[in-house]
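Residue numbers (full-length UniProt numbering), protein chains in the order written: chain A, 1 to 391; chain B, 1 to 391; chain C, 1 to 391; chain D, 1 to 391.
Here are some, though not all, of the chain C residues that point toward chain B, as calculated from beta-carbon distances under 10 angstroms:
#1 10
#2 15
#3 18
#4 176
#5 184
#6 188
#7 195
#8 214
#9 217
#10 218
#11 251
#12 304
#13 306
#14 334
#15 391
Note that these hints are calculated values from the structure, not bench results.
Ideal placement from N, C-alpha and C gives every residue a C-beta, glycine not left out.
Number of protein chains: 4
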Amino acid sequence: MSELLERGAARTRWIRSRMPLLAAVRDEFAERRPFDGRRVGMSLHVEPKTAVLLEVLAAGGAEIVATGNHGSTQDDVVAFLRGQGMTVFGARDDTLAQHEANVASVVEARPHILLDNGADLAAGVVAAGLADGVVGGTEETTSGGIRLRSELAGRIPFPTIVINDSALKAIGENRHGVGQSVVESLMRITNLMIPGRRFVVAGYGWCGRGIAQYLRAFGGRVAVAEIDELKAFEAALDGYRVADLGELAEWGEFFITATGHPGIITDEIVDRMPDGAVLANAGHFPWEIDVASLYARASEVTELDAAIERIDLPDGRHVILLAGGRMVNLAGREPKGNSLEAMDLGFLLQSLSLERVATAASTLVPGAQPVPDDLEREIARRFVRALGADR
Amino acid sequence: MSELLERGAARTRWIRSRMPLLAAVRDEFAERRPFDGRRVGMSLHVEPKTAVLLEVLAAGGAEIVATGNHGSTQDDVVAFLRGQGMTVFGARDDTLAQHEANVASVVEARPHILLDNGADLAAGVVAAGLADGVVGGTEETTSGGIRLRSELAGRIPFPTIVINDSALKAIGENRHGVGQSVVESLMRITNLMIPGRRFVVAGYGWCGRGIAQYLRAFGGRVAVAEIDELKAFEAALDGYRVADLGELAEWGEFFITATGHPGIITDEIVDRMPDGAVLANAGHFPWEIDVASLYARASEVTELDAAIERIDLPDGRHVILLAGGRMVNLAGREPKGNSLEAMDLGFLLQSLSLERVATAASTLVPGAQPVPDDLEREIARRFVRALGADR
Amino acid sequence: MSELLERGAARTRWIRSRMPLLAAVRDEFAERRPFDGRRVGMSLHVEPKTAVLLEVLAAGGAEIVATGNHGSTQDDVVAFLRGQGMTVFGARDDTLAQHEANVASVVEARPHILLDNGADLAAGVVAAGLADGVVGGTEETTSGGIRLRSELAGRIPFPTIVINDSALKAIGENRHGVGQSVVESLMRITNLMIPGRRFVVAGYGWCGRGIAQYLRAFGGRVAVAEIDELKAFEAALDGYRVADLGELAEWGEFFITATGHPGIITDEIVDRMPDGAVLANAGHFPWEIDVASLYARASEVTELDAAIERIDLPDGRHVILLAGGRMVNLAGREPKGNSLEAMDLGFLLQSLSLERVATAASTLVPGAQPVPDDLEREIARRFVRALGADR
Amino acid sequence: MSELLERGAARTRWIRSRMPLLAAVRDEFAERRPFDGRRVGMSLHVEPKTAVLLEVLAAGGAEIVATGNHGSTQDDVVAFLRGQGMTVFGARDDTLAQHEANVASVVEARPHILLDNGADLAAGVVAAGLADGVVGGTEETTSGGIRLRSELAGRIPFPTIVINDSALKAIGENRHGVGQSVVESLMRITNLMIPGRRFVVAGYGWCGRGIAQYLRAFGGRVAVAEIDELKAFEAALDGYRVADLGELAEWGEFFITATGHPGIITDEIVDRMPDGAVLANAGHFPWEIDVASLYARASEVTELDAAIERIDLPDGRHVILLAGGRMVNLAGREPKGNSLEAMDLGFLLQSLSLERVATAASTLVPGAQPVPDDLEREIARRFVRALGADR
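With the sequences and hints as input, model every part of the structure.
Structure representation (structure tokens):
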């Protein structure tokens, strides 16, 4: 067991050393002790970056009771956190039933503050009639925010700050982070080159803008398909070819979806593509490419390499499907996901929002709400300074 | 006189031939006749581009009664418009009193629809007690919009669509149009090169983003000064050096203001600049560079070329001031201002907004309001199609 | 006359103040006096930038005997130079016969050193049997270099350094200088926008690379036509669409030639272009667009604005011809030509090459030759330092 | 064994399907049979891409006798090739002595044509007195070319075409290929972000130009250190900060060497870097960063992750060394190396050069020489066409 703990400890070192914003907050919290006497319940991926966040909260006086998401818990990190005196439920091979029991265990520990994901803990404390003991919390995801504003609307007596609503995350993560990691992943997974290749980006929101920008910066020839007229206008003035996806299907070689909507790359679109077209999705949900239909009508499906499938179609053409239509920038043999700087930013948003909840809940309204403007500005200022942007 | 008319006619040809959106609306209006029996009163610069707009309205059945802005009326265009049967008041050399009389003449002609600028006609009809005869109108400028929403708030019984509020104008004109024309003007006026030169852009709004982007695209080394934390964050992730203007003053060679605020380049900032620094303003008002103080403390002011002044300072250094601190992209010997495509877009917004006012005023609310969303989308669609973006 | 002199003096001030490399050489020459007792004969455009070069040579002890090119001599600059004690022949309105007499006058003055253009002085001293009195010289142009290496090969007993052969000029002037001034000129002359517009660049040499790069940097959609396979390969990897000019004729809106070869845009190519296509040439000679044939078959030719002609074709289409097919970056109402920094670089090459000729002719071979490698490196070093590239 | 063979076969599929140029040559060779009756001896990495090349040669009638480089032979590919009837010597775990015996075995098989790497086979046939039986060959590497032109100069009676001399490889591989793979590798290995980060690129040759270009395209702030004055001039006009490496050491966060020279990042340079600086090498040899000295004076060396070492220095600072100073774009857990398109290009150069040797050796001179110009142009044409650059 101590070997597991040692491995978990080792894996946080590089990460911790490259998260200067969290390091600074840790020192501040050690002095301010905003969580003294408070129990923080967490439900979020248990992996090295999260471990660094939990250390920061513990330095601020928090007692930690945590569990992970189903299927992503890393046992060495669990061992490492337990070694630091935290209560952590869960293991990599937990069944779904066991995972639900873990979440329930966190709820039963009667946390004062929730560090939530998908609103699981919020729903849990409401169902258990324990909401009155909660001072407030944060919610990491947009979909958790939606749940708080619909299913749980009016039923949460405490404030919850939704981290993903932040403009800093839209620019830092969606435009730049996703834009770059998609280009990096395409190269890493397929070993194909970018310059001179023809790419079709479906969707010109924050992610699509970033993907198109960085593909072009790498010498790719990029066209954009976008049905929103105002975004299409922006894409055209940004210098991209802008046309219907059906028309572009005949021109492109690589097709990358980032629309947020289901059913973008349908059979009809695939049938206009050239032989050997490469399909990848960068949107959050694996529904933008109609993968089910592709598999159903394939004459043969061959796994060529990690995250690369060849799908032969009855008409003799084939397409290449990356990552089975799931987020391409999290796929392949060694995906890295968001950069350490982006995580440092995101977890700084978490830390200071949790402090606000712990020390000034009365300045907040009950229910879901964005990060307070003064915190956003404070965090933007710290990020720019940590970057040394003035040098 | 016929020579003047001929010159006015000739000068509209190139322009009309490069405004395909207006040409199409002219054909539609000739069929739909939205302005039949309506008198349109205009107060806007009388120059060739406006002449093309007035032709479009006339083709839609409008009776035109027009005047220009003080000091910018072009006599050959007046002659050309009168030759087409329009009533036009004003001449280049009008006194201010004469100009005001011209505006009053338009008001007295009892227009049903106003094509306004700075809310002069709106204020006029209210003052004259003629507002009830007005169906509605458009307002070209942001400052006119502000006047409608403050001084005239609640006193305008008819709807006025404020053209400059459009997102299409923010992207088409401010980011791309101003960004490029500032770079073009710097080269045209000074004959200096861009690559490798050090530029400081003050302000990272739509204009500043465009200026920074295009200077860097031309090989310039660009730093940004921005006090808004969220914009500074965006600039840093866009890859610019971001620092205090005072600090950047010591590093830069060219300083371009685009903040919208007065007193950006003060004596204190100038005093940290290197000898020979070049100062230019791209903001709407000539107040971002403290020109009055520069002149006051200069040991000598020398005009070196059109729009180039050398200002010697008591300490032996000198700075170069472009265009006396007025908008640099409208200065020098042959400024072109906004591109024909941008004007085509802006006047398409005008034309269809005026038609909406004329034919469906009841769908609008009284007072200032943005361009209706369906019109924005329709116009975006037409612009992208006219651009041939799908080819 | 003194008014003319005063105007000439005034016009050199801005220019001289922005040529720091020449200013430094002037100081060095005043100390080293490399031209003491030498007569320098010049045949080069007499305009303000050249005046600054002549001042530098005079500061080095040279006696100046100069004339200009036919048709470009600026009388105020002549007055200004004479006011400094130089001998200058020529005036703006000289006939060709008078111009030739002026060149002959320079030759008859028995110059020791030649600052030549098109090899006119070199040919003159050979014809006059005065070549033995010449220590050496420089030649500004590539075509002069060709003449020295063909017609005059073996007949020049003195060394001539050909300035235009320098790699520094290829990069500094052709790639960056021409690339940017073509984009600036297109905007200045036509008032059209770049983003989203479709451009076809014919030729992917140094100029074509620069033009394509800067049009794309400004948001233009750019395709390249190039028959050299290796350059086409480079263009394709640089991310451009690369195809036959005939094929691209149907796609483009703007066509810019930079091949160095005649007969690129022929009738056949024009006949595949869309109505309203804009044609411009950036190559040195006005032969890349077959202008003679365009005019010959035009149903009508209309001058729409300075440097803009509309050419109606018998089939009902029209094209727009800029600058009559001459170099577009030197055309229109206020062309600026090369940047002051580029001229500073070019004339630094001239100055130090002339010094080498004057003080170390024996280290050079007779006839045409490139700038000595050590001078190129010294000049590159000075340019980078003057730019403050290390800041 | 058949499982090994099956694995080798599977691993070539994705690769073969994305090398259209080789696929076409295979068909041509099957018709032309240029190698009928010829034995081709190969000494080159035995991995899937090479396997595809050998298939092409076999389709052209060649009898294949092959071995790999020491330490990189992939056993499954050996099994796969043997399954196709080729003679292949070597295994992954061969000792150096065994490897040398393998090369000797290829030589002893008396090949008529050599597909060589580092000139090992050429030296072997000369040493064995078997050079007269050789018609000619190709050499993959620059260093093999150097060996042929020095140690073996005058001793090779047959022509050898040096593939790496090709301009196509300089642009396709060095500028674009290495430039992009270095950026991709930095992100993949470190999980750090590019935008706003400060990079110092040492060396502005083809690789350095590519690295600087792509880092900047990704939003990095890039400075260049280059001692060659002409390259420094080019870098400055390309818009980079250009300064001494010592000076830049204090400013940068990431340092990437691409000079081709040893001893660039010395102790003195490291001592001026900020705490936590990241060091990577992109040059061919692992000598640009003085790694030996770094290790020697380190107070502690910690492996943080694959290809990431933390080196603590006695003064309390630390630096991060990537890939132990070896080529960073070939390091980490899942490096991909050159893109499939770049390999397709490189092996097309190989294939057609070997055909030229086999069928027209008399048109070549003995000894090392570049790829014939007509072949270069033919290959450029095919590459551009395969890219579909005209669409």
